[in-house]
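Q: Sequence:
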Amino acid sequence: MRILVQPISTIKHPNLAGERSTWHPGPRHLSVVSNSSVTIRAPPTSTDQLFSAPLRDPLLCRHRLKREGEKKPCTEAGKMMVRMLEDDLFPSTPGKVKIERTHGASRKLQRCFASANTLFLWALFVIALFASYLSFHSFVDTSSRYLSASWGGLHWERQIRASAAVRRPEGITVLVTGAAGFVGSHVSLALRRRGDGVVGLDNFNAYYDPSLKKARKALLASHGVFVVEGDVNDAHLLAKLFDTVPFTHVMHLAAQAGVRYAIQNPASYVHSNVAGLVALLEASKSADPQPAIVWASSSSVYGLNDKVPFSESHRTDRPASLYAATKKAGEEITHVYNHIYGLSVTGLRFFTVYGPWGRPDMAYFSFTRNILQGKPITVYRGRDGADLARDFTYIDDVVKGCVAALDTAEASTGSGGRKRRQAQYRIYNLGNTSPVTVPALVSILERHLKVDAKKNIVEMPGNGDVPFTHANITAARAELGYKPTTNLETGLKKFVKWYLSYYGYSRRLGGKSQELVA
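Residues in the sequence shown are numbered from 1 upward in steps of one, following the UniProt record's numbering.
In short, the hints are calculated from the structure, not lab data. Watch out, some of these pointers could steer you wrong.
[As the list claims (entries may be wrong)] Within a straight-line C-alpha distance of at most 30 Å, the following computed DSBU-like cross-link-like pairs (lysine-lysine) qualify:
1) Lys400 <-> Lys454
2) Lys240 <-> Lys419
3) Lys419 <-> Lys497
[Unchecked claim] Label pairs and their calculated CB-CB ranges:
4) Asn265 <-> Glu229: 19 to 25 Å
5) His339 <-> His271: 20 to 26 Å
6) Ala131 <-> Glu170: 52 to 58 Å
7) Ala165 <-> Thr485: 16 to 22 Å
Quick reminder that beta carbons are idealized off the backbone N, C-alpha and C, glycines included.
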């Protein structure tokens, strides 16, 4: 780097006064010219050694003096120049030395790079700070979940034990899978209200609106039932639950429901209804003590059977849908675990359950929604022109059957995966025994909603639905004391009242806003 010194009128510096000399070290070196009466002359040897190298580094002068063994000190003028170069002080005000740089463009480029580097470093700092914040937030969140709601935490275990606490003499402790579902939430409430210990498990999947499941969970929590958010296929979670609480019973209601949805997502049925059931049976047979298992099969296992009413002794080897096939597979799988491991098993074949807090994918639920919104509803008919009929069973009647199955279930006979003797194995129909056609269902809804439905009558597609269901409940009546008491008219009236309250529907009559009540 070449440095030129612009001559000025006077140099007023105490270190320059009193000397009279001139120094011209050459074009590649620093040149100081003064037109005052005082000039500077440095000793030739010292100045050659001091300034003979290009001034690329302000500290080079001092380094060379030290290296070459210069023993004679520099003059005051030389010392001043070194200090000016070392400190990078280049004043340009009048009366002082003004220094210009011949490589100004290079210097600006360097400053530009320096600024860019500074900005880059600041950006890295901000990114690192933000990443640290996220990591800390994640750590706090994970720690909080571990200590509170997530499975395995200390607070989680306390909640599990509190929820499983029995509040009546000879009460039972039940793990209810699918506890945030339709039937599961009702069964959990019924057990808790009579003083049994209840712990729920649900994965809150999005098969239908998860907010409805969350609302059911909140309702259960208000009654002291804790619902663990997790999947029944999670073997570690199941093992943790059984290690935390010695459950006497398991009410297995978790499943992928629906007949038509199997056309879109068949794998979900195998994952939940088959693999999930096996995972639960594995955890149960390894538990000590082994719990008695009561689980939800389905009337769909009767499939294409045309002998009515359906009895437990009728053939079930002709399923009409994948859903039905997975439920039939479940019955065979539970029989194997009963035979090999001594698990007490009771299967319940539900017949078209309906009522408050129901499933939005069910016909009565979707009909109600569409009628209130002024949308048409689709009513299927059989290919022979006959109306479809279902054995609609009110939720309270089904709950009574589930609780009765739990109360009459014998203890499992195995321990730690080994069977001591043959265990109980049962299957029951839980229906209403009074099939009603779908058009009759629509008429009842129209009366309670006070709205006429817009109906599209179409032929039933080949998606796995069956034309009718009809339950024979002789065995359940005799062995469980099961006796349904709610007809469709009464049950739908209760459902409509709940629906209008939950979803906040109203309409204007006579210029006034009135709540639609059944």
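Q: None of the hints should be skipped; say for each whether it holds.
A: A quick look at each hint next to the structure:
no.	hint	result
1	Lys400 <-> Lys454	36 Å, violated
2	Lys240 <-> Lys419	23 Å, holds
3	Lys419 <-> Lys497	49 Å, violated
4	Asn265 <-> Glu229: 19 to 25 Å	21 Å, holds
5	His339 <-> His271: 20 to 26 Å	25 Å, holds
6	Ala131 <-> Glu170: 52 to 58 Å	57 Å, holds
7	Ala165 <-> Thr485: 16 to 22 Å	31 Å, violated
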